[in-house]
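Start from the sequences, fold in the hints, and give me the full structure.
Residue numbers (the numbering used here), protein chains in the order written: chain R, 1 to 373; chain D, 1 to 147.
There may be inaccurate statements among the hints.
[Stated by the list, open to error] Only some residues are given here: those of chain D computed to face chain R with a beta carbon under 10 Å:
#1 G12
#2 T16
#3 E29
#4 C36
#5 H52
#6 L122
Derived by calculation from the structure, the hints in this document are not laboratory data. All residues carry an ideal CB built from backbone N, CA and C; glycine is no exception.
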Amino acid sequence: MKPEIRPGMQSLLDLLHGDACIRDVSEQEWMRVLDLAEQENVLPWTVASLRSLFHDSMPKLADRLHAIHRNARISTFLWTASLRSTLADFHRRGIPVISLKGPWLAERLYGDASLRSCCDLDLLVHRSDIAVAADLLTDLGFLPSGRPDDYARPFHRGSISVELHHDVENPLAFNFDVEAAWSRARYAEFQGVPARLLAPADELLFLCLHGTRHRFERMSHILDLVFAFRNLPLPQTAPRSRHASESGNILALSAMMANRLDPRLQIPDCLCDRLENRQSLHQLADQLWQERMLQPAAVLDWRAKHDFYLAIETRRWNRLLRHIRHARILLTRLIDADFAFAQRFNLTRSWQVWLLRPLRLLLSAVRTLPTSP
Amino acid sequence: MTSSLRPRNIQGDRITIQDVETETLIYDERRHKAWCLNRSSASIWRLCDGQHTVAQIAALAAVDLGSPVSEDLVLLTLEELREKDLLEPQTVEFLPRGLSRRQMISRVGLAATALLPVIAALTAPPASAQSGSTGTDDRVSGGYKEP
Numbered sequence: 001m002k003p004e005i006r007p008g009m010q011s012l013l014d015l016l017h018g019d020a021c022i023r024d025v026s027e028q029e030w031m032r033v034l035d036l037a038e039q040e041n042v043l044p045w046t047v048a049s050l051r052s053l054f055h056d057s058m059p060k061l062a063d064r065l066h067a068i069h070r071n072a073r074i075s076t077f078l079w080t081a082s083l084r085s086t087l088a089d090f091h092r093r094g095i096p097v098i099s100l101k102g103p104w105l106a107e108r109l110y111g112d113a114s115l116r117s118c119c120d121l122d123l124l125v126h127r128s129d130i131a132v133a134a135d136l137l138t139d140l141g142f143l144p145s146g147r148p149d150d151y152a153r154p155f156h157r158g159s160i161s162v163e164l165h166h167d168v169e170n171p172l173a174f175n176f177d178v179e180a181a182w183s184r185a186r187y188a189e190f191q192g193v194p195a196r197l198l199a200p201a202d203e204l205l206f207l208c209l210h211g212t213r214h215r216f217e218r219m220s221h222i223l224d225l226v227f228a229f230r231n232l233p234l235p236q237t238a239p240r241s242r243h244a245s246e247s248g249n250i251l252a253l254s255a256m257m258a259n260r261l262d263p264r265l266q267i268p269d270c271l272c273d274r275l276e277n278r279q280s281l282h283q284l285a286d287q288l289w290q291e292r293m294l295q296p297a298a299v300l301d302w303r304a305k306h307d308f309y310l311a312i313e314t315r316r317w318n319r320l321l322r323h324i325r326h327a328r329i330l331l332t333r334l335i336d337a338d339f340a341f342a343q344r345f346n347l348t349r350s351w352q353v354w355l356l357r358p359l360r361l362l363l364s365a366v367r368t369l370p371t372s373p
Numbered sequence: 001m002t003s004s005l006r007p008r009n010i011q012g013d014r015i016t017i018q019d020v021e022t023e024t025l026i027y028d029e030r031r032h033k034a035w036c037l038n039r040s041s042a043s044i045w046r047l048c049d050g051q052h053t054v055a056q057i058a059a060l061a062a063v064d065l066g067s068p069v070s071e072d073l074v075l076l077t078l079e080e081l082r083e084k085d086l087l088e089p090q091t092v093e094f095l096p097r098g099l100s101r102r103q104m105i106s107r108v109g110l111a112a113t114a115l116l117p118v119i120a121a122l123t124a125p126p127a128s129a130q131s132g133s134t135g136t137d138d139r140v141s142g143g144y145k146e147p
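Structural data, given as structure tokens:
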């Protein structure tokens, strides 16, 4: 039996492809499309596309579209003003900062910041500036929230969340070469405030990496890539280097995912060094696309992320290196499972979690031992 | 006494204003606060230029809103704006001494109910509400944490 596509998905895809005709679809179906678009984090873009087709025979839909559009504009105002104000304060303190994603990216890629959902502000600073940047955020009323990881620290002020990064991805998972990216970063102005942006090719790689890290779990990751591949140039990397192969596969897979959402988008030939690599990535893209069509994304733990990075690697040497990275993470880092295990004993401090870790690993190893027949 | 005041709204390059349909959004960078004003309170707020008296504001707001606006309604709105720090600091309260907000609202009358000031604090919707709450937030379920 052929598995069923998620309710509303075909109409959502037609809409995103620009092939939808509003009269051919019932009001109830459009309501399902909006529910799905919300799950997939592409609600503002979906609403804007629907509004452009709209006619007044569907009053409930009209009311809902109007309410979502209004809320998106209000939300965008808040995020935009918060970003502008925060960038201005970084500028006044003389701390170089690069804005990643957020309303600025939406403005440049989508043409209007209210067309892309925003749930936090991502700011990249030099590793050496992380302490002064954290102090500045504290002075601005932000409080540290959650646990920091290897490349970012979360802060919040009321409902506004900021992630302060010194790298765009965990260096244990992918070496983005952030210092080289800093040297290529361009000066720009966000609503009159000077700040920096990643160079266009670095921004494309960053968005591909972001989608990959999330295993393209939502349509929003793929829609970002459609716009990115339309508007940003491919990065130039030394051919045949390990980094070129690693980033090349991420770029290729991202382009393939974008192509599945927008079949008019061409996948550049230069992204894969060998035909068999290209084929295996196409199979992976098909599998991921099929998953998106059939079910909502599952929660990703660190192992799922690691396994996905591994699946993207096509070179044997790169796969071996990734296994080594995996082992390094396993030995040197606390993971969510460690915190969850310690939580059972009402222990939350890092040193307590570290102490309980061997016990968790032991229990985990015992559980995975093969049982005798 | 209060009717001779000439209130002034907060201004400057650290104040961002945007109209969304009939509402006005204001972001105050100095206090990191954002507000959404309904049409009547926005109209009165804009007229607070330090030149107009309360009586003049009432007359001009009536023209702007196409509906009678009493001085009591203006005073009620000014008090709301003052409490939200949307006016330059004033030394006095706008409500007549000994009169509560509830009493003031009843003085304004039922006819002006639609014009009563609504000034709501803006907050960003939580990530889960925007994104459909599949619970895949990076921070919660993500990779590995620094010890």
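Against the structure, the hints come out as follows:
Contact between G12 (chain D) and chain R, as hinted, is not supported at the beta carbon level, the nearest pair being about 13 Å apart and thus beyond 10 Å. Proximity of T16 (chain D) to chain R holds as hinted, the smallest CB-CB distance being about 5 Å (cut-off 10 Å). The restraint placing E29 (chain D) at the interface with chain R holds, with a minimum CB-CB distance near 4 Å, inside the 10 Å limit. Hint status for C36 (chain D) relative to chain R: holds, with the closest Cβ pair at about 7 Å, below 10 Å.
Annotation: H52 (chain D) was flagged as interfacial toward chain R, and the flag is violated, the nearest CB pair being 27 Å apart, outside 10 Å. The criterion of a C-beta within 10 Å of any C-beta in chain R is met by L122 (chain D), whose closest approach is roughly 5 Å, and the hint holds.
Violated hints for the displayed structure, listed by number in ascending order: 1, 5.
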